[in-house]
Each structure stands twice: as structure tokens, then as C-alpha cells.
Amino acid sequence: DQQVKQNSPSLSVQEGRISILNCDYTNSMFDYFLWYKKYPAEGPTFLISISSIKDKNEDGRFTVFLNKSAKHLSLHIVPSQPGDSAVYFCAAKGRYGAGGTSYGKLTFGQGTILTVHP
Amino acid sequence: NAGVTQTPKFQVLKTGQSMTLQCAQDMNHNSMYWYRQDPGMGLRLIYYSASEGTTDKGEVPNGYNVSRLNKREFSLRLESAAPSQTSVYFCASSELAIRDTQYFGPGTRLTVL
Chain F
409 DQQVKQNSPS LSVQEGRISI LNCDYTNSMF DYFLWYKKYP AEGPTFLISI SSIKDKNEDG
469 RFTVFLNKSA KHLSLHIVPS QPGDSAVYFC AAKGRYGAGG TSYGKLTFGQ GTILTVHP
Chain W
228 NAGVTQTPKF QVLKTGQSMT LQCAQDMNHN SMYWYRQDPG MGLRLIYYSA SEGTTDKGEV
288 PNGYNVSRLN KREFSLRLES AAPSQTSVYF CASSELAIRD TQYFGPGTRL TVL
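Chain order of the listed sequences is F and W. First residue of the first sequence? That's 409 in the working numbering, and the numbers climb one at a time after it. First residue of the second sequence? That's 228 in the working numbering, and the numbers climb one at a time after it.
Hints listed in this document are in silico derivations from the structure and should not be mistaken for laboratory results. Keep in mind it's a predicted model, so treat the numbers as computed, not measured. Yeah, the Cβ is synthetic: ideal placement off N, Cα and C, and Gly gets one too. Mixed in with the good hints there might be a few duds.
[Said to hold, decoys possible] Computed cross-link-like contacts, BS3-like style, restricted to lysine-lysine with a CA-CA straight-line distance of at most 27 Å:
hint, chain 1, residue 1, chain 2, residue 2
1, W, Lys298, W, Lys236
2, F, Lys445, W, Lys241
3, F, Lys462, F, Lys479
4, W, Lys236, F, Lys445
5, W, Lys241, F, Lys513
6, F, Lys513, W, Lys284
[Said to hold, decoys possible] So the derived list for chain W, only partly shown, Cβ under 7 Å to chain F, looks like this:
hint, residue
7, Phe237
8, Asn257
9, Gly269
10, Gly280
11, Leu337
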């Protein structure tokens, strides 16, 4: 039962253009969402997060949008740079013990490989 | 500032062998986690420790045991390795389990033959 899904295994964009990575979730008890970035042979690094009380959070070139009614979030990278090429994971957490979510547990999507071409 | 460190980086085991993966963090975090990453599966939580002295099962705990040795260290043990445990293992830590960002180590690539 995949509660967090990233349906696009890969995305290819041109340098300078917008990259949009998508993520869907099924558990309505998730109330905090994060994006992690992972380079080969390294651990994931935190990129940006959003609480369910917001619908948008921006940090420099990165913006995360949350549509709770659709149970959908997206990460926008503008402008995209070759150094952004990596695997991007979305993750979700819920309140303690609520709706089958575990204390502090992050549920990850499968990841999307982003390639930004010069 | 090392953050989260893991040893070893690579390991090859034969079926039935045992080993312990080590993890340490120097950020004075209370909570620590072990994940495995498999192709097409994302990261899945094996065990976690919300605070020193406590451990709890995650999503895929079977075949593993953990020890929270002290506030800094959290080890993962495979008592009798199986090919299905071939994976990349990541340790992570956070200041608190709720709400706080998790910081990941570089991973251990384990192959079980």
C-alpha cells in the first residue's frame, strides 16, 4: 500500500526552464510534507517542507505547493540548473499515532530522477 | 562538523552471516532512524529510536535488530543475512521525532550473496 506516490520515474528539462516534480498521497492524516534531494552515493538532503496549514512555501529557486483537497503536492524549481540533477523524494508525516502514522515516521515516495541539460 | 556518519560504506555477506551497521551523529539529536532503499521503492523505515533508551519498529523490521547504545549511536544488526536484505541502508537523525527535519548519513551498500 503505497501511501505516497511519485508517478513520474524521471524528468528531463533544459537549463533555465522550470522543473515541476509531482507527488500524490492517500493518507489524509499526513499533515507535514518534505522534499529531499539525493545525489548518487550520498544520503538524501533536506530541501524544503510545508505544513498542511499552508498551500505554498518558497525558498529561493524552490517552491512547494500543497493541494489538500486533491492530496497532491508539487515542487517547482525555477530556473533549473545542471547541479539540480539528482533524485528527488517527497515524504510525508502525520501526527503521533494518527491514522496509522507512526511517531516521527517519514513515508517516502519512490523518487523522481531529474536531469537538467545545459 | 561530521553530521551523521555510517560504517562500513560497502559490505558483501554470504547468506546466513551476521553483521552490524554502525551509525553515529554529532548534532546532539534525540531521535535516530534506520531506512533501507530499494530500486523503485523509495526509502522504508526499518526501526527508529525517538529518544535514548527507546526503540520501535518501523515499516519493515523483520530480520533486523537495533541498539540505541547512547544518545550518539544507533546500530542495526542483521543476525542471519538473506539475499532479500541486499539494499542501501541509511541512518538518519533529528532533534525530535515530531516536526523536525531528518538528516541522513551517506549510506551503507550491502550485498548478500
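Hint-by-hint comparison with the structure:
1. W:Lys298 with W:Lys236: Satisfied, since the Cα-Cα distance of roughly 22 Å is no more than 27 Å.
2. F:Lys445 with W:Lys241: Since the Cα atoms of Lys445 (chain F) and Lys241 (chain W) sit roughly 32 Å apart, the hinted pair is violated (cutoff 27 Å).
3. F:Lys462 with F:Lys479: holds, 13 Å
4. W:Lys236 with F:Lys445: Holds, at about 20 Å.
5. W:Lys241 with F:Lys513: violated, 31 Å
6. F:Lys513 with W:Lys284: This hinted pair holds, its Cα atoms lying about 10 Å apart.
7. Phe237: Nearest chain F Cβ about 10 Å off; hint violated.
8. Asn257: violated, 10 Å
9. Gly269: Since the shortest Cβ distance to chain F is 4 Å, the answer is holds.
10. Gly280: violated, 15 Å
11. Leu337: violated, 14 Å
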